[in-house]
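From first to last, the protein sequence lines stand for chains A and B. Be aware that the first sequence starts at 1, since it is given in this note's numbering, and climbs by one per residue. Be aware that the second sequence starts at 654, since it is given in this note's numbering, and climbs by one per residue.
These are computed hints drawn from the structure, not numbers from a lab. Cβ coordinates follow ideal geometry from the N, Cα and C atoms, glycine included. Accuracy of the hints is not assured; some may be wrong.
Stated by the list, open to error - Chain A regions said to be covered by chain B (calculated; three or more residues, Cβ under 8 Å):
hint	region
1	384–392
2	579–587
Unchecked claim - Within a straight-line C-alpha distance of at most 25 Å, the following computed DSS-like cross-link-like pairs (lysine-lysine) qualify:
hint	chain 1	residue 1	chain 2	residue 2
3	B	Lys1275	A	Lys489
4	A	Lys224	A	Lys128
5	A	Lys612	B	Lys909
6	B	Lys949	A	Lys612
7	B	Lys949	A	Lys622
8	B	Lys1265	A	Lys489
9	B	Lys1265	A	Lys296
Number of protein chains: 2
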Amino acid sequence: MSNLLKQFHLNDNFLGAYEKLVVEQVIPYQEKALKDEIPEAEKSHAIENFRQAAKMLAEGICEEEFYGMVFQDSDVAKWLEAAAYSLVNHPDAELEQRADDIIALIGSAQQEDGYLNTYFTVKEPDKKWTNLQEAHELYCAGHFIEAAVAYYEATGKDSLLNIMKKNADHIYRRFVEEKAEGYPGHPEIELALMRLYDTTKEKKYLELAAHFINVRGVDPDYYKKEAESKGWTVWGMNPEDTEYAQNQAPVRKLTKATGHSVRAVYLYTGMAHLAAETGDESLVRACETLWDNIVKQRMYITGGIGSTNEGEAFTKDYNLPNDTAYAETCASIGLMFFARRMLQMKKDSRYADEMERALYNTVLAGMQLDGKRFFYVNPLEVIPGISGEAVTHRHTLPQRPKWFGCACCPPNVARTLTSIAEYAWSETEEAVFSHLYVGGELDLTESKGVKIQVETGYPYDGNVNYRIVKDGKEKTELTLAIRLPGWCKQLSVSRNGGMVCQKNEDGWKVIAPGVHHQDGYLYISGTVGNEDVISVSMDMPVYRVYSNPAVAANNGRVALMRGPLVYCVEGVDNNGDVLGLSIAEGTILYSGYRPELLSGVVTLSVPGVRTKRTEELYLTEKPEQEPVNITAIPYYAWGNRGLNEMRVWIPEV
Amino acid sequence: MSNLLKQFHLNDNFLGAYEKLVVEQVIPYQEKALKDEIPEAEKSHAIENFRQAAKMLAEGICEEEFYGMVFQDSDVAKWLEAAAYSLVNHPDAELEQRADDIIALIGSAQQEDGYLNTYFTVKEPDKKWTNLQEAHELYCAGHFIEAAVAYYEATGKDSLLNIMKKNADHIYRRFVEEKAEGYPGHPEIELALMRLYDTTKEKKYLELAAHFINVRGVDPDYYKKEAESKGWTVWGMNPEDTEYAQNQAPVRKLTKATGHSVRAVYLYTGMAHLAAETGDESLVRACETLWDNIVKQRMYITGGIGSTNEGEAFTKDYNLPNDTAYAETCASIGLMFFARRMLQMKKDSRYADEMERALYNTVLAGMQLDGKRFFYVNPLEVIPGISGEAVTHRHTLPQRPKWFGCACCPPNVARTLTSIAEYAWSETEEAVFSHLYVGGELDLTESKGVKIQVETGYPYDGNVNYRIVKDGKEKTELTLAIRLPGWCKQLSVSRNGGMVCQKNEDGWKVIAPGVHHQDGYLYISGTVGNEDVISVSMDMPVYRVYSNPAVAANNGRVALMRGPLVYCVEGVDNNGDVLGLSIAEGTILYSGYRPELLSGVVTLSVPGVRTKRTEELYLTEKPEQEPVNITAIPYYAWGNRGLNEMRVWIPEV
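Bound conformation, chain A alone:
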């Protein structure tokens, strides 16, 4: 099978800068944090927990108590996964050695039967597997399996892979062979086991993933029974809130995306991966239903999901408040995972479109432009004095905070941005698929005898060149399938200068033989010469987006986009006041690149009016208005210039 991670060398002006920040800032910072080497940061103790667990196994006692969340181990796993990815394009022998040392430490903290979890090894050895609802054992195992697969694919080293196979075998024995009841409170192991299966091709891992997916929600009272028997709790979570943990029904019966949004999309990712592998029709249909529910009823325009802080959860169809949005960075990353596996099931651009939406808006917004601070919560409207301060807005911080105690989002951003190849590309026997426009070189020498070099100024420029370079003299047949995004109304594609396809208001026109358009992908097939160039040229005007009126918060409002980027207005560009701004209907929207601003952005200039603030709260005369030119910036770049108002959905007049 292909190893896109190794085969793709990222060389992208835009995403490359983010990858660089992750490699140079985030991964080293996180390593230090895990090792408690950052004095001003909250203590992690995550590596120390492994030391203590190893000591406990070796000597029967330990020197220090376990410290941290019950899932503290997973911070180490996420770091290892991100570090693994970073080693592909940025070899670093010292980093690799330190990672190897940590892996060796992990190995020494593994019990003989394969069990691996420092919380239970150090602190609660008698309570293993008694609290699947809260205790995250399977969740941590999943993250280590993901790290193991990544480390193996990135470095070829299999020591962590073997540790985690042994751990997965242990879990298989318990839950499949010995028929232990239960399923994980926080889905994650399902998607991880599918990745382990992809890498090892060992059927039992697919079988174990299928097991957890198939038993989930068959007994929706499982956590209730567990709560009655376990006699201990981590947080006192309500075992009857089945929607929270997506166990209100067997997964094939789920019709609405509910509960904790990260748990939800992690589960759906595992389901889609399994369905893609097995073709299980009822599972395929359930995935499609859940996908549609998210995308058509429960997703912010930024690709944010989970509209409430309470339970970090989905709520109800069309309930998408802008100012109190939760829209966790990790949930949008999970939506990218889900999209990737839906694409694996079916090559349809509507999945890639949403993957792109989540990536370029909420996921990138998660990280400050200097890589040093992170948003966990991504509101679409921020008002200093209310956001982060009112009791209803405590979660919607108006500026990115430093690393949290529960460090979920930063390492998730890190592992996603360092493994972008796996989202940008996929390969089947039929074709090579380009899902995202990312500069770099994809080495297909082994499978196709070519390399594909991509050059683009995306997401600010709509021109993308695919240069296909043949390595030898034999003829090569290749189908390159390029996603043509839904947001683009006018585009043309040429091959070696000759037009092969056009899209405009009249629809699609495919001109050349060997070229066809299906489900949003343009399939270009044929014999590759020594050097073929396929050029995609997308018009990139600013456009207005309207919301289904069922979304109460957005009635009468409009959002601005350009390409895949959602725009917002920020106080700093608009005299400190965005709440008074309205955009004039039907006016032309100007855009221009400003290299000096926010690491280089295209800003928009929009004719509109400002309604002036008033002394009284309610007025029987329309408050005074003045014409203004509104400046909008990409949403991902907001919050980088101090405390100020921000808004995505703006009244249209």
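Since the structure of chain A is already known, use the hints to place chain B on it.
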């Protein structure tokens, strides 16, 4: 002093119907509920608690445990207060006898030293006065004091008054003479003691009210210290949340209305009443500051206050979400109390305007048109499927529920609507003030030798006639001061057919001698003939209201009002869809009376457009629109025709 309650005989088509419902439905239902005679209702046990307390005092044991909330006693007090008021205009010997019996029972539950509280007498005799933060002893005392004053003023009977004077004396001894520390977690006793002072003219009650007002917040850590020493808790309330209980600072230093909104306005009412009595300038200023903060930054257009469910509380300036509003009915009643006492301090129509706003919108909306169901929470936007269902909207029920376990709002509505005379009128040496337009007869024979008969179709008709009828032959000098509401742009006032004053776009024009306009009141002085008629004729067009753009939820939106009534659109009148509606700017708004609808309402017909619902969540083309005539109804009448969408603030196009 005057006893407006006794002097005013209500005879008002509109408010009279509400008073009738209260007398015929609410008070009898509540009495049965208190006596546990309604099988399907949640057990109250409130009367039984008094029986048990009396038995405990008489025999040293009791047969049943205390049952209910720690403040269960106050339900009896609120009922007694409402029953007292109802006896004025609706004498009912049997009801009065039953009330007397309950009062006798209360007397037998009072301890020898004056202490009165069934929770502590029956359940926790050793914990009296140890938990001022949570245990509501002073709160319950306050409600019984209010009931005692009301019962005395309504019936002339002083047995409850004497019980409560004895109780107040007990509290005086403890907190003033013996210098016990502390102040009530839920303000109420302050305003009640001021009423007791008004009725008895005994200085010690004013002194005790002033004591609780003056010590509040001087030590903001008082509840923290109490929590450390008391060793028990009712609900585990956070003693450090000083904003919640308005003890973050001494009351004279408060600049923002914070915390639990009912507690807040009850406190401010007591402060304003004390300030009105004493003229204490720093207290006057604090009241004005808090009033302005509410009215200019923290109040819904409906007179609702307290914008979050969490703590039933005020949040931050301009944070007024429509769909998740708390806006408790009781809080708007409390705002009426506060307004009444501000008016006592200064006759300025801006206080009466807001009192009227709260009454005709949120307070009336609290009760179903049949008097059988009640809203505690009064959102300005309701969406079935989200409201009452999403985790963020559990409190915003889309239909009025039955009587709650914690029965605060229905009896509060009952006592307010049966004592409307005290809000509609006040009398000073200088003048008789008409604050609200309410049909009926005010008997001023004793003080002025006249009766004032008011005839009006308010709030739907802007004509109000004050017929002043002299009782004898002596000449009578009278100044009648009529509030002319801020919402009215065009009006004229005549005396016996001759114009005395006009208001139009050019401002005020006072024509006759002996007439002057000050702070929104028209003072008409002179000798009263045998029958003088003063007629106020107010234009009552529909008008648009805009919000300060600082209120994010209302940007680009408009509300409709006519007279004092805020309007809303409801699905049942608008093809089931109000979220898609926009009102056309600048168009004429029609209104017409529909006697058959909702007990008789003026509906509005408004040209606008409907944006049709769409399959997709986000669209790059403006969704299809169609012209529609929008029907709006008064906000107070919403939710009487089944489950449907409702909205006050509507986009304007």
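Okay, the hints, checked on the actual structure:
1. Coverage of the region 384–392 of chain A by chain B holds [criterion: at least 3 residues with CB-CB distance below 8 Å; count 6].
2. Interface restraint, the region 579–587 of chain A with chain B: holds (3 residues with C-beta to C-beta distance below 8 Å; minimum three).
3. Among the hinted pairs, Lys1275 (chain B) with Lys489 (chain A) is consistent with the structure: their alpha-carbon atoms are about 15 Å apart, no more than 25 Å.
4. Between Lys224 (chain A) and Lys128 (chain A) the alpha-carbon distance is near 18 Å, which keeps this suggested pair within the 25 Å criterion.
5. A distance of roughly 23 Å separates the Cα atoms of Lys612 (chain A) and Lys909 (chain B); the hinted pair therefore holds under the 25 Å criterion.
6. With a CA separation close to 15 Å, the supplied pair Lys949 (chain B) and Lys612 (chain A) stays within the 25 Å bound.
7. Of the pairs offered as hints, the one joining Lys949 (chain B) and Lys622 (chain A) holds, with about 17 Å between alpha carbons and a cut-off of 25 Å not exceeded.
8. Between Lys1265 (chain B) and Lys489 (chain A) the CA atoms are separated by roughly 23 Å; this keeps the pair inside 25 Å, and the hint holds.
9. A hinted pair counts as satisfied when its Cα atoms are at most 25 Å apart, and Lys1265 (chain B) with Lys296 (chain A) qualifies at roughly 16 Å.
When each numbered hint is compared with the structure, no violation occurs for any of them.
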